[in-house]
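S.K.: Sequence:
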Amino acid sequence: MPCLSIILDLDGTLLDTLHDLAETCNEVLLYNRFATHPIGSYKTFVGDGLQMLIRKITPVGTEEKVVQQCCTLFTKLYTQNWMRNSCPYDGINDMLAALQKNGVNLAILSNKPHEFTKLFVDKFFPKRQFTVVYGQRDGFPKKPDPTVALEIAAQFGTRPQDTLFVGDSGVDIKTGKAAGMKTAGVSWGFRSVRELTENNADIIVHNPLELQQYVLFST
4 MPCLSIILDL DGTLLDTLHD LAETCNEVLL YNRFATHPIG SYKTFVGDGL
54 QMLIRKITPV GTEEKVVQQC CTLFTKLYTQ NWMRNSCPYD GINDMLAALQ
104 KNGVNLAILS NKPHEFTKLF VDKFFPKRQF TVVYGQRDGF PKKPDPTVAL
154 EIAAQFGTRP QDTLFVGDSG VDIKTGKAAG MKTAGVSWGF RSVRELTENN
204 ADIIVHNPLE LQQYVLFST
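The sequence shown begins at 4 in this note's numbering and counts up one residue at a time.
FYI, nobody ran anything at the bench for these hints, they're computed from the structure. Among these hints, one or two may not hold up.
Quick list of in silico lysine to any residue cross-link-like pairs, SDA-like style, CA-CA up to 20 Å [as the list claims (entries may be wrong)]: (1) LYS46 <-> ASN84; (2) LYS180 <-> ALA157; (3) LYS59 <-> GLN72; (4) LYS104 <-> PHE220; (5) LYS59 <-> ASN35; (6) LYS104 <-> LEU212; (7) LYS180 <-> LEU153; (8) LYS121 <-> PHE133; (9) LYS180 <-> ILE206; (10) LYS177 <-> PRO144; (11) LYS180 <-> ASP51; (12) LYS180 <-> GLU154.
Computed beta-carbon distance windows for the label pairs [as the list claims (entries may be wrong)]: (13) LYS121 <-> MET55: 19 to 27 Å; (14) THR78 <-> GLY160: 30 to 38 Å; (15) TYR34 <-> GLN216: 43 to 51 Å; (16) ASN96 <-> GLY64: 43 to 51 Å; (17) ARG140 <-> PHE220: 28 to 36 Å; (18) GLY64 <-> ASN210: 36 to 44 Å; (19) GLN158 <-> GLY64: 39 to 47 Å; (20) PHE133 <-> GLU66: 36 to 44 Å; (21) MET55 <-> THR82: 14 to 22 Å; (22) ARG162 <-> GLU66: 43 to 51 Å; (23) THR78 <-> PHE220: 36 to 44 Å.
The beta-carbon is built from N, C-alpha and C at its ideal position, and this holds for glycine as well.
Please model the entire structure based on the sequences and the hints provided.
M.R.: Encoded structure:
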């Protein structure tokens with residue numbers, strides 16, 4: 004039967020945010036007189052939440068106090084930088100409109116801090132009816148823990164097996180698998196198709212239309 008509900012990752016799945024994330028991180032590193040990283044390297048740094056991102060980009064052995072200071076500085080700078088280059092991937096808005104028209108429940112679950120997740124959704128998808136939008140929140144486990152994904156399915160009133168979890172990384176696929184959901188990996192995001200297949204994504208899609216057709220017509 005067609006998927007009744009779909010939970011989508013944000014960065015690398017709906018939005019190309021890499022450039023602004025990388026530039027902000029490099030500003031943080033320069034402020035602390037640490038070496039910076041090429042923008043492309045951030046494809047493997049992001050996806051596990053802000054604190055893990057900072058730990059990955061700072062030198063090995065960086066004190067926890069400094070890590071936390073970098074997180075605070077990142078938040079301040081990203082508030083100014085987040086909209087410079089970020090935008091939806093081609094075809095995303097058409098796909099969301101079609102899913103919405105066909106009554107598919109839509110949700111977003113991201114490891115991006117919750118306040119930024121909400122900000123991005125309000126800016127880039129003001130006409131889309133996402134029933135639930137969650138970023139990383141204090142007191143809630145982040146992906147790949149399935150707790151929040153299962154909470155979303157419960158809010159939908161949908162069985163996990165009738166829910167599709169969509170993302171661009173192994174973390175997303177692990178989340179969906181742990182929740183007992185179908186999983187779709189998108190090839191246009193930050194991570195490689197190999198990472199998605201190694202984590203046993205049920206399907207790999209190469210453009211938003213392909214994902215739309217899978218959601219509406221899979222059996």
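S.K.: All hints are to be evaluated individually against the structure, with a verdict given for each.
M.R.: Structure-based check of all given hints:
1. LYS46 <-> ASN84: holds, 18 Å
2. LYS180 <-> ALA157: With Cα atoms ~16 Å apart, LYS180 and ALA157 stay inside 20 Å; holds.
3. LYS59 <-> GLN72: holds, 15 Å
4. LYS104 <-> PHE220: Judged against 20 Å, a Cα distance of about 14 Å means the pair holds.
5. LYS59 <-> ASN35: Holds: LYS59 and ASN35 sit about 15 Å apart, inside 20 Å.
6. LYS104 <-> LEU212: Measuring from Cα to Cα gives roughly 14 Å; hence the hint holds.
7. LYS180 <-> LEU153: Given pair LYS180, LEU153 holds - Cα atoms ~11 Å apart, limit 20 Å.
8. LYS121 <-> PHE133: holds, 11 Å
9. LYS180 <-> ILE206: holds, 12 Å
10. LYS177 <-> PRO144: This hinted pair holds, its Cα atoms lying about 14 Å apart.
11. LYS180 <-> ASP51: With Cα atoms ~17 Å apart, LYS180 and ASP51 stay inside 20 Å; holds.
12. LYS180 <-> GLU154: Given pair LYS180, GLU154 holds - Cα atoms ~15 Å apart, limit 20 Å.
13. LYS121 <-> MET55: 19 to 27 Å: holds, 21 Å
14. THR78 <-> GLY160: 30 to 38 Å: holds, 35 Å
15. TYR34 <-> GLN216: 43 to 51 Å: holds, 46 Å
16. ASN96 <-> GLY64: 43 to 51 Å: holds, 44 Å
17. ARG140 <-> PHE220: 28 to 36 Å: holds, 34 Å
18. GLY64 <-> ASN210: 36 to 44 Å: At 43 Å between Cβs, range holds.
19. GLN158 <-> GLY64: 39 to 47 Å: holds, 42 Å
20. PHE133 <-> GLU66: 36 to 44 Å: This hint holds: roughly 39 Å between Cβ atoms.
21. MET55 <-> THR82: 14 to 22 Å: Once the Cβ atoms are compared, 20 Å apart, the range 14 to 22 Å for THR82 and MET55 holds.
22. ARG162 <-> GLU66: 43 to 51 Å: 46 Å Cβ-Cβ, so the 43 to 51 Å window holds.
23. THR78 <-> PHE220: 36 to 44 Å: For PHE220 against THR78, whose Cβ atoms are near 42 Å apart, the range 36 to 44 Å holds.
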